Amino acid sequence: MQLFSKAFWLQFSSPKAFYPFAGKLIPWFTALAAVFAVVGLYLSFFVAPTDYQQGESYRIMFIHVPAAWMSMFIYLVMCIYAGLGLVLNTRLSNMMAAALAPTGAMFTFLALWTGALWGKPTWGTYWVWDARLTSELILLFLYFGYIALQAAIDDPQRAARASGLLAIVGVINIPIIYFSVQWWNTLHQGASVTVTQAPTMAATMFAAMIVMTLAFWMYTIAVALVRVRQLILERERHAAWVLELAEAEK
Amino acid sequence: MNWGSFADFLAMGGYAFYVWGSYGVTALFLLIEVVLLMKRRRTLMQRLLRLARINREGGYESKT
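Read top to bottom, the protein sequences are chains C and R.
Numbered per numbering that gives the first Met the number 0, the first sequence spans residues 0 to 249.
Numbered per numbering that gives the first Met the number 0, the second sequence spans residues 0 to 63.
Some hints here could point you the wrong way.
As the list claims (entries may be wrong) - Pairs of lysine-lysine residues, derived as BS3-like cross-links and limited to a Cα-Cα distance of at most 30 Å, are as follows:
| no. | chain 1 | residue 1 | chain 2 | residue 2 |
| --- | --- | --- | --- | --- |
| 1 | C | K23 | C | K249 |
| 2 | R | K38 | C | K23 |
| 3 | C | K15 | C | K249 |
| 4 | C | K119 | R | K38 |
| 5 | R | K38 | C | K249 |
As the list claims (entries may be wrong) - Negatives, chain C to chain R, calculated, CB over 10 Å:
| no. | residue |
| --- | --- |
| 6 | L31 |
| 7 | P48 |
| 8 | G54 |
| 9 | I59 |
| 10 | N88 |
| 11 | F108 |
| 12 | D129 |
| 13 | L136 |
| 14 | I146 |
| 15 | I152 |
| 16 | D154 |
| 17 | I171 |
| 18 | F205 |
| 19 | L242 |
| 20 | A245 |
| 21 | K249 |
The hints are simulated quantities; they were obtained by calculation from the structure and are not laboratory data.
As the structure is a computational prediction, the values presented were derived from the model and not from experiment.
The beta carbon of each residue, even a glycine, is placed where N, CA and C say it ideally should be.
Assemble the whole structure, with the sequences as input and the hints as a guide.
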């Protein structure tokens, strides 16, 4: 069975083999992202009912919560790749970690931005230094630190090691964000959706949020694959196959 | 159906600035990321083509 042989999986850890494989996946994830976005936006605006307390302003939730989830999830995935890169010294894992960081930073910013715009009509303020908001802001700075550190070191191996270590130390911030609403008295509300309990909202609202999350997730995979392919070409630019590929695509 | 008319939809029950400010900026950021990636790919390909040409013509070790 091909799927159970080690050689079958190892071939994808080589940048040269992964490059065309990733290229084949990109259109599929792009299409999935588009379909989920259309369905998710339809559910968000036309199926989910008006909230009896917050009126229409609560519709911000359908991008705020998915963006916040993605900001934490991407960071965790980035750390797994960085950890693999540190332990196994595989170049491709380091490139995957680097490819995820800008998109993670973007979703962190969007979580903060949409949160501010939701906070104003519901709390009366755009910003408050409560534990949830502050730890999410720290997450944004961690992403920035990771990207800046990587850009500051010329040697890709050393850059990956230094920034990977920073990312892994920073992972402590993820449980702090997640549990902040339980550990401290925050203006930010507690979780409406948890793994152990049924969601405390209408089923259509819950569905809209999940489908929007899937849209962001598929988008992230597509964009990260595009970016990792560029990183592969940049870092392997002295290899014959890269130059041949560039000439073939002209 | 939540909306009586298109104007109703745009008004978002008086929360237009907050709702469209959130969705608009999100859409804008996703778009910018995609455009930047496409531009980066074009620059990268031009650079690789230059490298390939140098290799073919002179064959000298280039650090570019």
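The hints, checked one at a time:
Distance restraint check for K23(C) and K249(C): the Cα-Cα separation of roughly 19 Å lies within the 30 Å cut-off, and the hinted pair is therefore satisfied. Only pairs whose Cα atoms come within 30 Å are accepted, and K38(R) paired with K23(C) is accepted, the gap being roughly 20 Å. Distance check on the hinted pair: K15(C) and K249(C) sit about 19 Å apart at the alpha-carbon level, within 30 Å; holds. About 36 Å separates the Cα atoms of K119(C) and K38(R), which puts this hinted pair outside 30 Å; it is violated.
Of the pairs offered as hints, the one joining K38(R) and K249(C) holds, with about 15 Å between alpha carbons and a cut-off of 30 Å not exceeded. Every beta carbon of chain R lies more than 10 Å from that of L31(C), the smallest distance being close to 15 Å; the non-interface claim holds. With a least CB separation of 7 Å from chain R, P48(C) falls inside the 10 Å interface cut-off, contrary to its annotation. The beta carbon of G54(C) sits about 5 Å from the closest Cβ of chain R, which is not more than 10 Å, so the claim that it is off the interface is violated.
I59(C), annotated as away from the interface, has a beta carbon of chain R within 10 Å; the closest lies near 5 Å. Separation of N88(C) from chain R is adequate, the least Cβ-Cβ distance of about 24 Å exceeding the 10 Å criterion. Under the 10 Å C-beta cut-off, the non-interface status given to F108(C) relative to chain R is violated; the minimum distance is some 7 Å. In this structure D129(C) is separated from chain R by more than 10 Å, as the shortest Cβ-Cβ distance comes to about 19 Å.
The Cβ of L136(C) lies farther than 10 Å from every Cβ of chain R, with a closest approach of about 17 Å, so its non-interface assignment holds. Even its closest Cβ contact with chain R, about 14 Å, leaves I146(C) beyond 10 Å, as expected for a residue assigned away from the interface. A cut-off of 10 Å between C-beta atoms confirms that I152(C) is not in contact with chain R; the least separation is 17 Å. At roughly 13 Å, the least C-beta separation between D154(C) and chain R is larger than 10 Å, which holds for a residue marked as non-interface.
Remark: the non-interface label on I171(C) is consistent with the geometry, its nearest Cβ contact in chain R lying 27 Å away (cut-off 10 Å). For F205(C), the condition that its CB be more than 10 Å from all CB atoms of chain R holds, with the nearest at approximately 17 Å. Not every beta carbon of chain R lies more than 10 Å from that of L242(C), the smallest distance being close to 4 Å; the non-interface claim is violated. Once the 10 Å rule is applied to beta carbons, A245(C) is inconsistent with being away from chain R; the minimum gap is 4 Å.
For K249(C), the requirement that its beta carbon stay farther than 10 Å from each beta carbon of chain R is not met, with the minimum near 6 Å.
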